[in-house]
Structure formats: structure tokens, C-alpha cells
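**Student:** So the chains spell out like this:
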Amino acid sequence: MSTIRSRFKIQYAGFSLETDLNFPAEGVTVIFGRSGSGKTTLLRCLAGLEKSSAGFMKFGDAVWQDESKKLFLPVHRRPIGLVFQDARLFPHLTVRDNLLYGYRRTEPTRRQIELDQVVDLMNLQPLLDRRPQKLSGGEQQRVAIGRALLKSPRLLLMDEPLANLDAQHKQDILPFLIRLKREMRIPIVYVTHSLSEVVQLVDTLVLLENGKSVAAGPANEVLSRLDLAGKVGPSAVGSVLTATVAGHETEFGLTRVQYQDHSLYIPEQPLAVGSPLRLHLLAQDISIALGEPQAPTSILNRLPATVLEIGSMESKGSAVNLKLDVGEPILATITRKSLAHLNLKPGMQVYANVKAVKMVHEIEEY
Amino acid sequence: MSTIRSRFKIQYAGFSLETDLNFPAEGVTVIFGRSGSGKTTLLRCLAGLEKSSAGFMKFGDAVWQDESKKLFLPVHRRPIGLVFQDARLFPHLTVRDNLLYGYRRTEPTRRQIELDQVVDLMNLQPLLDRRPQKLSGGEQQRVAIGRALLKSPRLLLMDEPLANLDAQHKQDILPFLIRLKREMRIPIVYVTHSLSEVVQLVDTLVLLENGKSVAAGPANEVLSRLDLAGKVGPSAVGSVLTATVAGHETEFGLTRVQYQDHSLYIPEQPLAVGSPLRLHLLAQDISIALGEPQAPTSILNRLPATVLEIGSMESKGSAVNLKLDVGEPILATITRKSLAHLNLKPGMQVYANVKAVKMVHEIEEY
Amino acid sequence: MDWQPIWITLKLAATTVGVLLLIGTPVAWWLAHTKSRARVWVEAGVALPLVLPPTVLGFYLLIALGTNGIVGGPFESITGSSLAFTFSGLVIASTLYSFPFVVQPLQGAFEASGRNYLEAAWSLGASKWDAFISVASPMALRGYVTAIVLGFAHTLGEFGVVLMVGGNIPGQTKVVSIAIYDHVEALEYSQAHWLSGGLLLFSFTVLVTVYAFNRRLPVHLS
Amino acid sequence: MDWQPIWITLKLAATTVGVLLLIGTPVAWWLAHTKSRARVWVEAGVALPLVLPPTVLGFYLLIALGTNGIVGGPFESITGSSLAFTFSGLVIASTLYSFPFVVQPLQGAFEASGRNYLEAAWSLGASKWDAFISVASPMALRGYVTAIVLGFAHTLGEFGVVLMVGGNIPGQTKVVSIAIYDHVEALEYSQAHWLSGGLLLFSFTVLVTVYAFNRRLPVHLS
Amino acid sequence: GEVTVAVASNFLNPLKTLIQEFQKQSGHTVRTVSGSTGKLYAQILHGAPFDVFLSADSERPRLLEQEGQAVAGTRFTYARGKIVLWSADPHRINADGQNILHRKNFRRLALANPKTAPYGKAAVTVLKRLNLWTSLSPLIVQGENIGQTFQFVATGNAEIGFVALSQVGDPRLKNKGSRWIVPEHLYDAIDQDAVLLTRGESQPPARAFLLFLKSDPARERILNYGYGLK
Ligand SMILES: Nc1ncnc2c1ncn2[C@@H]1O[C@H](COP(=O)(O)OP(=O)(O)OP(=O)(O)O)[C@@H](O)[C@H]1O
Ligand SMILES: Nc1ncnc2c1ncn2[C@@H]1O[C@H](COP(=O)(O)OP(=O)(O)OP(=O)(O)O)[C@@H](O)[C@H]1O
Ligand SMILES: [Mg+2]
Ligand SMILES: [Mg+2]
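Protein chains in written order, with this note's numbering: chain A, 1 to 366; chain B, 1 to 366; chain C, 1 to 222; chain D, 1 to 222; chain E, 1 to 230.
If you are wondering where the hints come from, they were derived from the structure by calculation, not from laboratory data.
For every residue, glycine included, the Cβ atom is placed at its ideal position computed from N, Cα and C.
Possibly wrong hints are sitting among the right ones.
[To be verified] Which bits of chain B does chain C cover? Going by a derived footprint, with three or more residues having C-beta under 8 Å, they are:
id	segment
1	100-112
2	143-155
3	260-272
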């Protein structure tokens, strides 16, 4: 598999970035960390906007930077699309000309996307002839994303592109990012401080702390590491399962998927029966039962599971994380009182219940 | 009760704001709407940064603007604190001097908060001597909030102040905003596109659409209106219940509260037994069961409820909203399949199950 | 070496720059922020003194400031002393002539920093005046440096206007530029070279110092 | 009325502004973006021609550009024609003299727009040159307007240098400013008034037009 | 007492030596203000604080008299300008300077602006009387005043030029370059007049200075500087 290999070292007064990363040149790599942890700085290094003394970066087989050999591909020669944290729309151009700026600088044969498509997808029609400075914060950000896409980049670098967008616009844009990744097979490096925003997207996760990568790897693995649970925040701890489409219940707007021996329901997906598909389960959305419920409940999804490991009880607060085995390890967050009440121990057989509606935002097509 | 009365009319090419609002001059009023709906414009009108032709605004008994009488209190004479969507830190001042800018312009007798407090609360110590332009996006935003607070305003206006902050920093700052509101009794008008961010805070909710207020009133009422559910987004639909602290289970980090005849567990709160307290229940965190579970589960909270109303089935998608009566009306989101499966009808007796861990972020002290 | 012209020159340049800043700042501010339709007219008017040859401008100023002039006449009848051929007259003339060099950079700087930071200052309780002093001015510091440098240098080198209005009176209105000119005219080339060289060296030193200091200023708008 | 000086003046001003923009732009760009320590020296050097009285500057230029001068000598031996007393010589002299008025506003404009938008342009595939043309220049449009106005006006009004280097040759180097000056000296006041009035009116019209257009430009940085 | 003398630039250098002598004799101090005649004239009209005006022509003093800015009857010719064809090159001009004008083996001929400078006007007359005006006028470069004209020639930018004899008669330039002193019949006399200004009327030192200017030793010096006298 083709990868993006990079090594950077940047020194500021009071802050230093030192990373050595190797992540796949496909799918979405999320760089996650607290405010000030160096996410933007790392992204700028990848884009070629910061020259680090001992930098190295290789995209697939192409070496973009190797300071030991004095090699440095300048930004404009890198086939990247970059979305800045502040939108940086050109104030002297209309929205249309902003959008077309990179497009016009892309060889026609290399273009993979057209203005109309982007305008539709980003809902930009009413803005096309406006000036950027008269747009609202979220409108600006949508234009900035569109502008980067229209360059038909081979690598998309995005710095908190959705931070200023409302839930609805996020929901409008996310599927497009998913399609980008799937149809155009364009790898995305996505910086965010909010994992829940991208939990639908993430394949690889890099956790930054104080300029250092403290964890990096498949999102699945990183997210289900009990020791990191405290770092990613309650709304992100979770797991990724791979399942297959088993059928559709169109009357209810649901799709039935097969995971191991079990059927699960998720909101309807436009996928053929047999398609593979990934499910994101947030730890806090899973509840534990010791047996089958007698009375009917609204919870559709129930997986038999074995308790593998119980998280640290040291931390104060009411919650504790469990690692369960449902074929693969998944995480569940429950109260310590429930832990005591259910008297859970490693090795016990339990049921993990997941509300199907909660999977609306945690679903990703493959 | 003292209120903030306002009426504005602003006309831009392609957009017009027209609002007539009356909300309490205490607690947190959230102005919520999609990107481009006019939130920032409304906030600017309240601050006195936009002069609208037929504007009117009254804060408690003080008339700040009445264009019919040519009355307009200039921005700097209004006792407001304003946090801009872009931080707008003064580039020629250090972080410390930025923080102290408003403080120094506040009469000593009117000061309610000191630099040290704000520095502690916003975690700004390492930044004090830095220049704003070298701060990361989130760092800038924290300084901007601190700067506005240090003016000891009588009304705090915030434009998406947390959009650039990570979950941890949000969690650090939110309790402080709650304390602001409670201890300093300072009313806050808070603009956001993400209701879940402020669901802990909100007392009054104003829903903007296309420059018009489509709903305004106590958050409780607005949020539990079934017809608005589609507008506020799945992560915000919910309800607010008032309960009383009944006891603490410190060993589990839990507090037991009494709601009507029922006991509920929430993460431990530093409140005396008997204190009143509000609970936020998100509709999507509630599952429905027709009877008591036989097998023990990790769900601690269970409320008997009567189905009041079933939301529109027209919308496509898998989810449907129910209005339940648990003494007060609350909303629950379930799949349409579950609705059919459980054969729910108005008037049926059911149980509403709520995971306690899910209440961590939905709790607010009164 | 005759130090008097040097002293007078420095005094003139410093006074002129002072007056220019005092008058130029509000004008530049107004130009940067107004939406009035009068704006372009004022803007054009400010640049206008540049267009006339200095001697000709000086000639008209002489007429205006002289004993019978529309400015000089009333001034003389009130104060008893004339404006033409005095240091005050020189200051007025230089101010007019160097006006655009001060207004333009200031206006540019004020426009560049825009309204956003002012809004922030107002919201923090600063009156318009306070916000101007504590936010707009320091943010326009580089504009001020440019304005001062251009204004000062231009006044140093000024000649035609000064010669006409000032009358080249030793000890009163004879400035370095005229002194150099006189030396050249009088074929005293070596004195001219020395004086020119000195002026250049002095100016260069001042300029380098100013710019080096300016470099260290923390204000960059982006 | 003698139109020749007017025509020459306009030609001189236009050519000079053209040359100034051509040379001034890279210098201003370099000054705005370099971190080199040489910067302050260049910055000071740019402002230096301002300091000398025009006639004196003209005198030194005459020496430098003349048949035996360090510039004029080589030029003459290569091209066979001299620089002094020619239109080319005037352009060189005016360029030098008006240089700071073009560099300073451009530098200010380039500094104000900063690196951020350039980074955006690069990331969208624009080379440094392309980004300069398509982003930095249009964003600095107001700086360009100021530079052109100051440069043009200053050349119009230029006199001392032009007189010295140009030799006042009718049809070649006799510009309006000299013509007005001649009228004043020759006591032909009414001609002087007419010519000055015409120059002012023309310039004012041009300036108002330029500024009105400038006003309508969409570029504001904030 | 003190006296301020406004003097046409071409006479500044001779005046300086005259002043030294006058100050020694009388104990008065003299301040000089030099400039072009046109400029000084305009300034006097508008109230310049000058006591005595030494013009480069006779017309401006006459006009001042008419306009009441000068004391009637005090005007007299203090010097008569002579023009010389001069080159910085010691070999360019031989005894009969007309040759070079006829042969035209030069590229630039400098003279002062005939409109504003009396020496320029005289130079034009010379060319006209020699019937060279039409053929030479394309080669002419004009200095704004006689000082600038001199610089054109002194720097070699104009090979030859008509300048004031007083300029090349300056002791510091004695015998530099080559010259042809233009015969006086080829141009009308350049009478440089002095006049007492109304401001100096009540000032004895001003009158004393004018008297001194008429004295023999002063006239001698003026002649030495290359001026003629009436
Ligand atoms: N040019 C600079 N000079 C000095 N320090 C800098 C510079 N740029 C960034 N920093 C510092 O480096 C650290 C990392 O900054 P960076 O912008 O990469 O953070 P981030 O993770 O993107 O944060 P955020 O989520 O708030 O945007 C911060 O502490 C910041 O103050
Ligand atoms: N000065 C202006 N001139 C013209 N149109 C403007 C101006 N300011 C805002 N608008 C337009 O008014 C609308 C409302 O803008 P506003 O900034 O209030 O939106 P918002 O709700 O704050 O959006 P966001 O969440 O994206 O910040 C937008 O369509 C915007 O383009
Ligand atoms: Mg960042
Ligand atoms: Mg907004």
C-alpha cells in the first residue's frame, strides 16, 4: 500500500513539533489534538509551507522533501488541495473566481471535477457573484472547501474545515467528502479538535499532544485503546466494525447488515446487498444487559459479547470504559455504579445494546 | 422579570434581517440558526455595531436604541462584553495587555473579576507574554473570551466563542460560563450553529431562519416542539426537566436526584441535598421499553411515561420523534421500525430509559 | 562652516512634520473611514500641491501670504508681523507642500487596519478617541514612520517653495538646501559637496535608525 | 498657447511612472517580504534622493549623466548619444527623484496583505510569479493607485532636477513647470496664472477620476 | 546699523568682496539675499524685508520705482554685464571665437533663458547679429539663469556656452578653459541697476552702501571681476 511518510522538526519559542509519521496514502487520516497541540503546524509542514531543518516527506513514491538532499518541492508544484482554518478567500475576486482559481491552474486532462458539481454539492449557487468579505463565516468556509476541491488535488489537506459550519451543512458536506475519498480515491488529511465530527470518515488517526504524536494507526485500533480513552474525549471513544449489507427494509428506512453471526439495523444506505460497509459504534451509546429483555424495547441492535477488560477505576467521575469482544474488540462506557450493580468481570457473557438511530452519524460506506 | 426587548430591520443585497424579540435579561439566550441565517448580524445589532433604520432596543429599564426618538447609545457606552467570531485580538499588544484592555477601562468599583481569575480559568498563563498572531486558533479564542469577561460586562454577547475549541477546552470553559451566569448573574446572548455545544447552558432559545425568528421562548418549550425537531438537528432535540438533589453515591461518582416520584442517577454534582437542578435529556439518548427488564442492564435511569404524540412519519429516513409525558413532556427519537415493532400509540404506557453517562454533558446546576 | 542654515533646516523640518501630523492625522482618518461623496474631492485636493512646480507654488503662496495677500494681509493686521519671509510662513508653505506625503501613508495604514479592531476596542469600553489612540494609532505605526520619513525628507530637500516664500534671509529662512544651491551658484563647489555630503550622511543615518527601529515593531497585520 | 511643453510633460510623467512601476515593484516587494539585514539600508537609500534639493540633485545628476560622467560616459560610448539634455536623461532623473513616492505605498500595500493570501494562491497551484500577478498585485491595487498618483504628480511638478538635467530645450525637454516658471520670472503673470490654472484643473480632474474609480474597487483588506 | 541687500545671483561673488571692504570702512553689517532677479522682484512686491536691490537688469528696478516700492531717483547702473563665449576645454575656442560658431563643431551651445535672464537675451542678440540664430538654435540648451548655464559648460555637457565674463573672471577660474570675449557691438548693453527700496529709505546704512558702490575703489573691483561700467 502506498503511504505518506513524513518526519518534521519545528522549533518555536515555547513550542516544538517533532513528528515521524507513516500513514496510508488513501482514506482519511485525522490529525487530532487539543488546541495548541501543533495540528496546524503539522499540516503546514505536509503542505510545504513550513521548511523544517531536518524535514522529510514522501507521497507514495514521490519524494516531496528531503532536507538531507536539499530537496524541496515548492507548494505550488505539490498536487495538494489545502483548506485553511481561516478561509483565506481572495478579497478581490468574486466567489466564482475564487472557486475557479485553482481549477484554471489545473491541466484540463487532470481535472476530475467541475464547477457545477461543486456548486451543487456545497450549495453555493446564491453566492457565486458575491464578494467573499460579505459572506458569513460558514459560507466562506464552504467556498474555501469548494475552491480546494476544484483543483482536483491528489491529496487533500483540511484544517478544521467544518468548525464554522452548522450541523446541517456538516451533514451536507460530509457525504461528499466520503464520495471524494471513494470515487476519486483521494486521500485526505483532516485536522480537527472534534473527533465526533469525523468519526464517519476517519480511517487512520494521529493523536497529537504538545507537538508529539502520542498514538497513530488505524482509527479502529487507536480508538479502542482503553488507555487513550481519556485523551480523545467521551464523544469520540468508540470502535469500528466491518459488516456486509444483508437487505433493506425500505418501509422503515432501514438497512439490515450482517456482522459476524448477527443482524444489525442502521439507517438505510444506498448499497447493494452484499456490499461491505463499516459501522462506527460510540462507546457511550452502548449499554450492557446481562440477558435478553423480556419486555419489548425500542433498541433494535443487540450483540452478544464477552467482557475482555475493564478500564481504570482511578479516575474520578462516574464513568468507566469496558473492552468487549464481539468478534472484534469494542469499547463501551457505563457508570461505575452499573459496573458494580452488574458485577461485571473479565470473561463474563453479556449483551451490548446499540440504538440504531444513534448510528445515523456514525456510518460510513466503504 | 427584567427583559431585553429588541426590534431590528437590516437590508443587505440578497439578505434581510427582521426580528422582534423579547427575551429575559438573565440566564443564557442562545441564538441558533444555520450558517448565513443572520446570527452574527443580529448580535451586532444588539451590540450597537449596526444601526438599523427602525431599530429599537431596551435592556431592562434602559433604552439603548430607539431610532424613532433618534436615541442611540454608542457601543462603548453599553455595558456589554463582546466575543467576535474571529477573535480580533489587538496585534500590537501582548496577550496580557489584550486581556487588560477592557479591564483598565472599567471603573474599579464596577470590576467583578480579576486578571488572575481569568488566567486560571482560561488556562492562559503560558500565553500571557506572547503576541496574539503567534497563537493557535483556539488559543486566540480563549484570550478573546477572557478579554470580554475582564470588562465585567452586564451583558455578554458571544459569537460562536467555542467553535474553534477542542472538547476539553470547551469543558473547561463551559462551567465557567455557567458560574458567570449564576454568580455574577450576568445574562449571556450566545450565538451558535451547534446546539449540543450549549445544551448545558441554554435557558431561552431563538431560532433564526433566513433573518427571521421562527421560534423563540424557553429552551424547554422550543426544544420539545415536535415541529421544530427537524430544524435544530438530531444532536439538539431534547427536553429539560427540573429535579431535586436527593443524595450522593460518592463511591460511584454519582448523584441521585428526585424527579417527580422517581430516582435518577447523574454524575456527581457538588450540590447540597435538596438543591434544585435541571436535567437535559437528549431525545436520541432515550430508548423505549414496554416493560421492566428481566435481565439486569447498565441503564440506571428508567422513567414510566405515557405516549402523548407521535411525530410526522412523512420525512424519509429511519427516525421518528415521540412526545412522552413523564410529568412534563419530553421527546424521544426511535426508529420507525421500533415504532412499528412496539406498536406504539398515543396513550400507551411505556418506560423511557436514559443512560446516566450520557447525562454528563447535559447537566446544569441551577 | 556655517551652522545656522543647518539648525534652521532641522527646526523647519521638525516643526513642519509636527504640524503635518497634527493636521494630516484627522484628514487621513476621515479619508480612510468616511463614506461621504466629498471624499474623492478632498483626496484629489490633498495631492494637488504636488502638481505645481515648487517655485510656482511658492509664488502663489507668496502672493497669498504676503503683506497684501488674503492670508498674510489679515494676519499682519492682527499680529503686526508678516507671514512671508518669516519662519512661520515657511512652516505654512512646507506643510502645504508636503501634505500628501503625510496623508497618503497614514490613510493607507488606517485603511489597512480597518474597522474590525476598532469595533473590538469600542466593545471593550473605549470611546472613539480612546480607540483611535490605543488601537488605531499603534496599529498604524508603520504608516506613521513612513509619513514622518517622507515628510521630513521632503521638507529637508524643499527648496523652490522655501526660497520663494522665505526669501533666503540668513538666520531666519535660509535653509541648507538654499545654502547648497547658493554654493553651487557661487561656484563654491567644494563647500557644496561638503554640505550635500553631510546632509546625505546625516539623513541616511537617521533613516537607517528609523527603519531599523521600525523593523523591530511588532505590528504586522497578517 | 504653446502645447509642446504640455505634451512633453505628459509624456515624461507617463514614461517616468511606467519606469517607476517597473523598477519600484520588485524593490517594494523585496522590501515587504525580505528578512535580510540589508533591508533597512536599502529602505534608507530609497528615501535618500528626497533629501537633496532638486537643483542640487540635478547638479550631481548632470555630472553623473554628462559626457564625462560615470553613467553618461559609458552610455555615450556605447550608444553614441549623450544622456544629459535628452528626454531619456530626464526620465532617469525623474525616476530617481520620484522613486520613494512609488516604492513606499507599494511596500505598504504588499506588507498589509501579507503572506496568508499568497500561501493560499500557492496551494492552489500558482507559482510565485503567478501568485504575485493574480493575487498580490490586485490586492495591492490601492497601493498602486497611490503610487501612480504620487509619482505622476511629483513628476508633473518636478522642476529643479528637470531644469538642470534637461537643459530646457523646446520640444525636447522643456516641460510645463519650466514654462510656468519662465512666465513668472518674465513678469508674464497672466500667462503663468493661466498655465498654472490649467495644470491644476487638469490634475484635479484626473485625480478625482482616479480616486472615484479607486473608491469603487472592491478590495478592502478588512 | 544693518542693511539687507537683495542681489542677482551673478553679482553675488563680487558683492561679497565689496561687502568686506564696506563693513571695514563703515562698521555697518550687510546681509545678502541672492536669487534670480524675477524672484527677488516678486518678493519685494510682496513685502520682502530688503533695503537695497541689485538687479541683473535695468527694467525691474525701474518697475519698482514706478510702483512706489523703490525710492525715486536712487537708481543707477552699478555694473554692465559682458558676455563671453566659453568652453571648459582650453583648446576649443581660439582668439576669433566666431569660427567655432560658424564651423559648428560642437554638439551643444548653452545660454541662459532669454526670457528671464538678461545674459540670455544678449546671447540671442549676438547669434542673430551673426546670422547664426536659425542654424544654431537646434543646438541650444538653456540654463534657467546664468549660473546654471555656466554649470552646463563647466561640466562639459555643453562644449561651449555664452556666460557672463564676471563668472569666468572669477579669480578661482582665472585662465581656465578657453574663451572669446564677445565684442560689445554684437549685443545691447546689459545694464545692471541698483536701487534703494522704500524699506531702506530711512536707513542710513543703506544709502551709505549705495554711495560706496559708486565709489572708485568699488568700481575698480567691479571692473576687475569682468564687468563693464557705464
Ligand atoms: N509562527 C509561530 N511562532 C511562534 N509560535 C507559534 C507559531 N505558530 C504557532 N505557534 C505556536 O505553536 C503551537 C501550535 O500551534 P498550532 O497552530 O499548530 O496549533 P493547533 O493544534 O492548530 O491549535 P488550534 O486547534 O487551536 O488551531 C501553539 O502554542 C502556537 O502558539
Ligand atoms: N456587510 C454585508 N453586506 C452584505 N451582505 C452581508 C453583510 N454581512 C452579512 N451579509 C450576509 O447576510 C447573511 C447573514 O450573515 P451573518 O454573518 O449574520 O450569518 P451567520 O448566521 O452569522 O452565519 P455563520 O454561522 O456562517 O457565521 C449572509 O448571507 C451574509 O452573506
Ligand atoms: Mg490550528
Ligand atoms: Mg456568524
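**Student:** Determine for every hint whether it applies to the structure shown.
**Tutor:** Status of each hint after checking the structure:
Coverage of the segment 100-112 of chain B by chain C holds [criterion: at least 3 residues with CB-CB distance below 8 Å; count 4]. For the segment 143-155 of chain B, the stated coverage by chain C is satisfied: 3 residues place a CB nearer than 8 Å to a CB of that chain, which reaches the threshold of 3. Counting residues of the segment 260-272 of chain B whose C-beta lies closer than 8 Å to any C-beta of chain C gives 0; at least three are required, and the coverage claim is violated.
This entry does not satisfy hint 3, going by the numbered hints stated previously; all others are met.
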